[in-house]
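**Student:** Generate coordinates for the entire structure from the input sequences, incorporating the hints supplied.
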Amino acid sequence: MESAHPHDIGTIVDAEGVAIRTGHHCAQPVMEHFGIAATARASLGMYNNREDIDALVTALRKVQELFG
Amino acid sequence: MDLRELYQEVILDHGKSPRNHRFPERHNREGRGYNPLCGDKIALRLQLDGETISDVGFIGQGCAISQASCSTMTEAIKGKTVPEVEALFSKFHTMVTSDDGADDDLEALGKLAVFAGVREFPMRVKCATLGWHTLKQALHDESGEAKTE
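Residue numbers (this note's numbering), protein chains in the order written: chain A, 1 to 68; chain B, 1 to 149.
Treat the hints with caution; some may be incorrect.
Only pairs whose alpha carbons sit at most 25 Å apart, straight line, appear in this in silico DMTMM-like list of lysine to aspartate or glutamate [as the list claims (entries may be wrong)]:
1. K126(B) x E2(A)
2. K126(B) x D14(A)
3. K147(B) x E120(B)
4. K16(B) x E65(A)
5. K62(A) x E9(B)
6. K62(A) x E120(B)
7. K41(B) x E32(A)
8. K147(B) x E32(A)
9. K16(B) x E16(A)
10. K126(B) x E16(A)
11. K41(B) x D14(A)
12. K62(A) x D13(B)
13. K16(B) x E32(A)
14. K136(B) x E25(B)
Hint data in this document are derived by calculation from the structure and do not stem from the laboratory. Treat the numbers as computed from the prediction; the structure is a model and nothing was measured.
**Tutor:** Pasting the structure below:
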């Protein structure tokens, strides 16, 4: 995913029906500490199942297709 | 909505290898743009000779849309006059924010028309316009930086 910016990843997986969070996650000081502007973060809840994870992986493959 | 509408080849190409991604040797105007929500940053420098932009370049970091938009913008504005560039920004802005594209002046926009798909993604409009807002700030020599928020 290195060549894809987190916000591009977010838009693409969103279009595939998967919601993740992108940006600085309201944690600017720690992002500044690590010298990064943004990250993409997938969070799982107890209600997520195998299909949800498969959908995420499929969506991430789409990112690779576009930005690989 | 189709992702390919947004991520057209021209956008992916310019996002990966931005044109004019350097500061010009001579410059008399500078603009800085920042989107605090995503951290995208652009520093734009240009040489204004009379009313004509004779050279322009930028250094920036951010998503494919913001970098590609700034890259194609520098190509589009080099050699143009300030009123011409302002008219172009107005047309670009109309294109990325209108509902249906009925008023798009595709002929005048030329290569910039690849950003028409952005209108389907309201969250990304600010990515596409960051470079242009930075340009406006540079041309009007306003202090501070152009912010999207």
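**Student:** Hint by hint, note whether the structure agrees.
**Tutor:** Comparing the hints with the structure gives:
Annotation: proposed proximity of K126(B) to E2(A) holds, straight-line Cα distance about 23 Å (limit 25 Å). The straight-line distance between the Cα atoms of K126(B) and D14(A) is roughly 18 Å, inside the 25 Å bound, and the hint therefore holds. At roughly 22 Å between alpha-carbon atoms, K147(B) and E120(B) fall within 25 Å of each other, so this suggested pair holds. A distance of roughly 14 Å separates the Cα atoms of K16(B) and E65(A); the hinted pair therefore holds under the 25 Å criterion.
A threshold of 25 Å between alpha carbons decides the hint, and for K62(A) with E9(B) the separation of about 15 Å falls inside it, so the pair holds. The hinted pair formed by K62(A) and E120(B) meets the criterion: a straight-line CA distance of about 19 Å does not exceed 25 Å. Distance check on the hinted pair: K41(B) and E32(A) sit about 14 Å apart at the alpha-carbon level, within 25 Å; holds. Our distance criterion of 25 Å between C-alpha atoms is met by K147(B) and E32(A), whose separation comes to about 19 Å.
Among the hinted pairs, K16(B) with E16(A) is consistent with the structure: their alpha-carbon atoms are about 23 Å apart, no more than 25 Å. Proposed proximity of K126(B) and E16(A) is supported: the alpha carbons are some 22 Å apart, at most 25 Å. Our distance criterion of 25 Å between C-alpha atoms is met by K41(B) and D14(A), whose separation comes to about 24 Å. Of the supplied pair hints, the one linking K62(A) and D13(B) holds, its CA atoms being roughly 17 Å apart against a limit of 25 Å.
Taking the CA atoms of K16(B) and E32(A), the gap is about 24 Å. The hint holds against a cut of 25 Å. Simply put, K136(B) and E25(B) have alpha-carbon atoms about 21 Å apart, close enough for the 25 Å limit, and the pair holds.
Consistency note: the structure conflicts with none of the earlier hints.
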